[in-house]
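Trainee: In case you want the letters, here they are:
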Amino acid sequence: MKTEKNKITTALRDGYLNTMMGVIARSLCAMSKVDDHLQYELSVVPDNFVLQMKVLPNVAGFAVKKNSDGHLEYLGKEPGEKADVTISIKHPELAYLVFSFQENTAEAFARNRTIIEGDLAMAMRLIRCINWLEVFILPKAAAEKALKRYPDISFKEKSRTASKIYGRLALDMLNWSAA
Amino acid sequence: MNTPCYDFFCPVKIVAGVRSLEHLPHELSNLSASRPMIITDIGVRQAGLVDHVTHAFDDSNITIIDIFDDVPPDSSTSLVSHIADRYRQLECDCIIAIGGGSVIDTSKGVNILVSEGGNNVTDYSGVDSLKRPLRPFFVIPTTAGTGSEVTSVAVIADSNSGVKHIFTCSFLLPNVAILDPRMTKTLPPHITAATAIDALTHAIEAFTCMGKNPLSDTYATAAIRKISENILKVMDNPEDELGRLELAQASTMAGIAFSNSMVGLIHALGHSLGVVCHIPHGLCMSIFLPHALEYNLHNGQHQLSELLLPLAGAEVYSRTPTDQRSQAVINFIHDLKDDLFERCQLPRSLSETGKVNKEHFARIVELTVDDAALILNPIEVDRDDAMALLHKAW
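Quick note, the sequences are listed as chains A and B, same order. Residue numbers for the first sequence follow the working numbering, so the first one is 43 and each next one is one higher. Residue numbers for the second sequence follow the working numbering, so the first one is 1207 and each next one is one higher.
Check before you lean on any hint, since a few could be wrong.
[What the hints assert, rightly or not] Cβ-to-Cβ under 8 angstroms is the rule here; a few derived chain A residues that face chain B:
| id | residue |
| --- | --- |
| 1 | 153 |
| 2 | 157 |
| 3 | 158 |
| 4 | 191 |
[What the hints assert, rightly or not] Chain B side only, calculated, beta carbon under 7 angstroms to chain A, not exhaustive:
| id | residue |
| --- | --- |
| 5 | 1218 |
| 6 | 1221 |
| 7 | 1223 |
| 8 | 1330 |
| 9 | 1336 |
| 10 | 1576 |
| 11 | 1581 |
| 12 | 1586 |
Simulated from the structure, these hints should not be mistaken for lab results. The structure displayed is predicted, hence computed values, not measured ones. The C-beta atom is built at its ideal place from N, Cα and C for all residues, glycine as well.
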């Protein structure tokens, strides 16, 4: 039986996971419109390909789809259709380890905390995209924990790309509000 | 450091040793099976290996219902459907797979269809698609390398598109695996060498990649010791039954190790080279093994030094300074490759295969960075790193 304190902790944790996953998904979509490296990675992903990432049992998640213009579109917490690749984290506590940067993605895989369903090669490519995004949207100290190797980029380059992502994200959010 | 959280699973009964094939009728009876279908390939049958198995049933009340001996080196979904139809028509009740990776993977696919129904095995592809145990399944490996008899994975190509479907589920594991030295005795020298290096690579990557755990480490180091102690002995004396048995056991132990910890960069490169240039898997492993270890070592991988003891023995280990043990492991593997080249001309480099040219490199690199094995390599590998490794292995 959960105590009141546990219920509050669980609600805070789940709220944090939903926020983080939402930020990652929307930032990934924004970055796909402004970053050459990400566009190169996505160039071989088939059009209408849907990636879903979720925390079991449906606590948090996001789904994105590659459009015919080569960019990613945010579909929401659920894809609304069968995803081509689904990466599931087995429990919210395990997801919290990943999204609070106590454990990186590769460590989560090594410890069997995740399940990948669908095309593994595409899953690898999309994980690389998320890793690349994290280089720019996370502070360097957090990104170094989230990645096996922090790439050799200057602060200037990091700031420039991050500005482009956040700028695009702001524009997207305005468009969503208008719609 | 071992990963602090892990899964370890291997429910396969291993029957190993001289005359272990003669245990097979009893093992079938234990599982109430009496109408076996043998699945194998023509090479195995022509080498007389199927006869060893059928003779084991001579004094039993079990009759072999069918022998399907036409499995090609690369299996396909239509072949799986065809064999499953035959199994149903003949009312078989279990499968005995006799062969290497392709035969074993095909048999895993057939067992899915005859147990779950349907005619399209791809309906069950992916991770954990099967929800209950399958029909009784027995595996008798004829190579000492793949470890497929203890892995819960099958790869079967789609007959129409050529796409390789991956099936991963613990219910794919056989009930019993039989390791009898008669089954690997006639392996040609270059296949003996390549498959032993394949098993060595499974064990080394199990020990050095991110999914390592205390149990897989135990299997991996024991496998490495057996391979190191026996590979050249068997190359020099192919009739050495006990040496053959040691290699077969090492292959199974390495299989248990890597199926519970996964592999890394060497397999990612090897899978890609195999797809692009059609080089046998064991040979791919042999070519990349020292180079990929060196890459990981020079970028901060620390566990390699511990492998000098099982690989080279206590004397070499104790006289090698601690800070030189990792490099000594790599040197040992280079020397082993030279020894095998002397004995059976097993190519040591990409150029020595005669089947690879540098125009293939770009495609190999793209496949390598998309290979799922790379995620558990302890060191990050990007396209430039993979390209540099290919040039080093040239």
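Trainee: For every hint, state whether the structure bears it out.
Mentor: Going through the hints against the structure:
{"no.": "1", "hint": "153", "in the structure": "holds, 4 angstroms"}
{"no.": "2", "hint": "157", "in the structure": "holds, 6 angstroms"}
{"no.": "3", "hint": "158", "in the structure": "holds, 7 angstroms"}
{"no.": "4", "hint": "191", "in the structure": "holds, 4 angstroms"}
{"no.": "5", "hint": "1218", "in the structure": "violated, 19 angstroms"}
{"no.": "6", "hint": "1221", "in the structure": "violated, 29 angstroms"}
{"no.": "7", "hint": "1223", "in the structure": "violated, 33 angstroms"}
{"no.": "8", "hint": "1330", "in the structure": "violated, 13 angstroms"}
{"no.": "9", "hint": "1336", "in the structure": "violated, 14 angstroms"}
{"no.": "10", "hint": "1576", "in the structure": "holds, 4 angstroms"}
{"no.": "11", "hint": "1581", "in the structure": "holds, 5 angstroms"}
{"no.": "12", "hint": "1586", "in the structure": "holds, 4 angstroms"}
Comparing the model with each numbered hint stated earlier shows that hints 5, 6, 7, 8 and 9 do not hold.
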